[in-house]
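Peer 1: Given only the sequences and the hints, what does the whole structure look like? Please build it.
In case you want the letters, here they are:
Number of protein chains: 2
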Amino acid sequence: MDIVEILNRRYSTKEFDPNKKISQEDFNQIKSLLRLSPSSTNIQPWHFIIADSDAGKERITKGTQGFYQFNSEKILNASHVIVFCSRTSADDDYMQHLLDKEDKDGRYPNEEVKQMVYGARNIFADMHRYDFKDLQHWMEKQVYLNIGNLLLGVATLGIDALPMEGVDLKALDEEFELRQKGFTAVAVVALGYQGENDFNAKTPKSRLSEEEIITVLD
Amino acid sequence: MDIVEILNRRYSTKEFDPNKKISQEDFNQIKSLLRLSPSSTNIQPWHFIIADSDAGKERITKGTQGFYQFNSEKILNASHVIVFCSRTSADDDYMQHLLDKEDKDGRYPNEEVKQMVYGARNIFADMHRYDFKDLQHWMEKQVYLNIGNLLLGVATLGIDALPMEGVDLKALDEEFELRQKGFTAVAVVALGYQGENDFNAKTPKSRLSEEEIITVLD
Numbered sequence: 001m002d003i004v005e006i007l008n009r010r011y012s013t014k015e016f017d018p019n020k021k022i023s024q025e026d027f028n029q030i031k032s033l034l035r036l037s038p039s040s041t042n043i044q045p046w047h048f049i050i051a052d053s054d055a056g057k058e059r060i061t062k063g064t065q066g067f068y069q070f071n072s073e074k075i076l077n078a079s080h081v082i083v084f085c086s087r088t089s090a091d092d093d094y095m096q097h098l099l100d101k102e103d104k105d106g107r108y109p110n111e112e113v114k115q116m117v118y119g120a121r122n123i124f125a126d127m128h129r130y131d132f133k134d135l136q137h138w139m140e141k142q143v144y145l146n147i148g149n150l151l152l153g154v155a156t157l158g159i160d161a162l163p164m165e166g167v168d169l170k171a172l173d174e175e176f177e178l179r180q181k182g183f184t185a186v187a188v189v190a191l192g193y194q195g196e197n198d199f200n201a202k203t204p205k206s207r208l209s210e211e212e213i214i215t216v217l218d
Numbered sequence: 001m002d003i004v005e006i007l008n009r010r011y012s013t014k015e016f017d018p019n020k021k022i023s024q025e026d027f028n029q030i031k032s033l034l035r036l037s038p039s040s041t042n043i044q045p046w047h048f049i050i051a052d053s054d055a056g057k058e059r060i061t062k063g064t065q066g067f068y069q070f071n072s073e074k075i076l077n078a079s080h081v082i083v084f085c086s087r088t089s090a091d092d093d094y095m096q097h098l099l100d101k102e103d104k105d106g107r108y109p110n111e112e113v114k115q116m117v118y119g120a121r122n123i124f125a126d127m128h129r130y131d132f133k134d135l136q137h138w139m140e141k142q143v144y145l146n147i148g149n150l151l152l153g154v155a156t157l158g159i160d161a162l163p164m165e166g167v168d169l170k171a172l173d174e175e176f177e178l179r180q181k182g183f184t185a186v187a188v189v190a191l192g193y194q195g196e197n198d199f200n201a202k203t204p205k206s207r208l209s210e211e212e213i214i215t216v217l218d
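Protein chains in written order, with our numbering: chain A, 1 to 218; chain B, 1 to 218.
Fair warning: there could be bad hints in the mix.
Identical copies go unnamed one by one, so any copy, or any two together, can satisfy a pair.
[What the hints assert, rightly or not] In the BS3-like style, the derived pairs of lysine-lysine whose C-alpha atoms are separated by at most 30 Å in a straight line are:
| # | residue 1 | residue 2 |
| --- | --- | --- |
| 1 | 133 | 181 |
| 2 | 14 | 31 |
| 3 | 31 | 57 |
| 4 | 62 | 181 |
| 5 | 133 | 202 |
| 6 | 202 | 181 |
| 7 | 202 | 170 |
| 8 | 14 | 114 |
| 9 | 14 | 133 |
| 10 | 21 | 170 |
| 11 | 104 | 20 |
| 12 | 31 | 205 |
| 13 | 133 | 170 |
| 14 | 181 | 205 |
| 15 | 57 | 181 |
| 16 | 20 | 133 |
These are computed hints drawn from the structure, not numbers from a lab.
Quick caveat: nothing in here was measured; it's all calculated off a predicted structure.
Peer 2: If you want it as structure tokens, here you go:
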């Protein structure tokens, strides 16, 4: 597998073939990609709402009414649609929960190391909470890192994707009662296989030149 | 290649072997991974400062003095170190520049489509600039998406990585005069090959359970 070739070939799919479904085996891989993504201090501040049924996708189109109508058909014709959600808090209950899970998974040789990691994660979260005052954006940045991981991951599986910010996130929060559960919608990614007439499949990719975006130091 | 297996095996490398260097061929792939990453509306709001020499890496350790000292050795022993930078503006000169590049790359069949994309990108940027008032975070979120793309990409090349938020970003802005150039440092990723005694290479990965983080709709 040539990863650059795969990345070069992937693109924002504008039309999905409604008859092509992602296999259960690939869907299991997709769930693992979401779960195994790295995040700063392993904080994993996310939840994923996934629709593969018509009824489920219909619910996600609550986020594509009015101004965002242009994205409705893509959601309905995709095989699977993921709503990426961010946590809205990182309170001590959650910090302890993460620590306990890491402990159970065998990451701590002793209590001292465990408490050191607990302290370090809190130092980073508090920096964003109190000093930079951007805790929410910091958590959402980890969700975007997960999206980057997912988009490349599914491309290696030969699955097409359309990442969408063009959705009414508040409407999705309401539809799935995300805020009551401590989450808020950040973006939506539709997955499936390109339709025959997707103009964007044939349009060349454009990126700024290497000379413009990269400086290699002497 | 099993992408989940690769993702499962990657980890935050805490000790690099200072004698192992990334090949020129792999470095070319890394540059392509950075360049080809997707971003919302293809806005590509980024620049990458890369050090592969001792002198270059020494300059990046200007960001790991004092409190962040624990990251200095990792930077110095890595093969290549990337400072991920975000743009600090998305003014009309830049928007026109993106549009011209896309036009040259063959994305526009006619002027009408070109102007439609120009308008759409501005609608999204203005939403963040004026309505959400989070243009800077929005651009930085795209940089995080790029980091997620890069971390999985290098893992497929068998390259170890350490993503670091624990750096003095202001010191890096000063060292590389980033602000004067319209950029600001966001995070650092060190790349190379693990050292023999990296405790984290042998520590099991921990992630929240699939049941906790994923909801599949009926």
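Peer 1: Hint by hint, work out which the structure violates, then give me just those numbers in ascending order.
Peer 2: Checked against the structure, the hints that fail are numbers 5, 6, 7, 11, 16, while the rest are satisfied.
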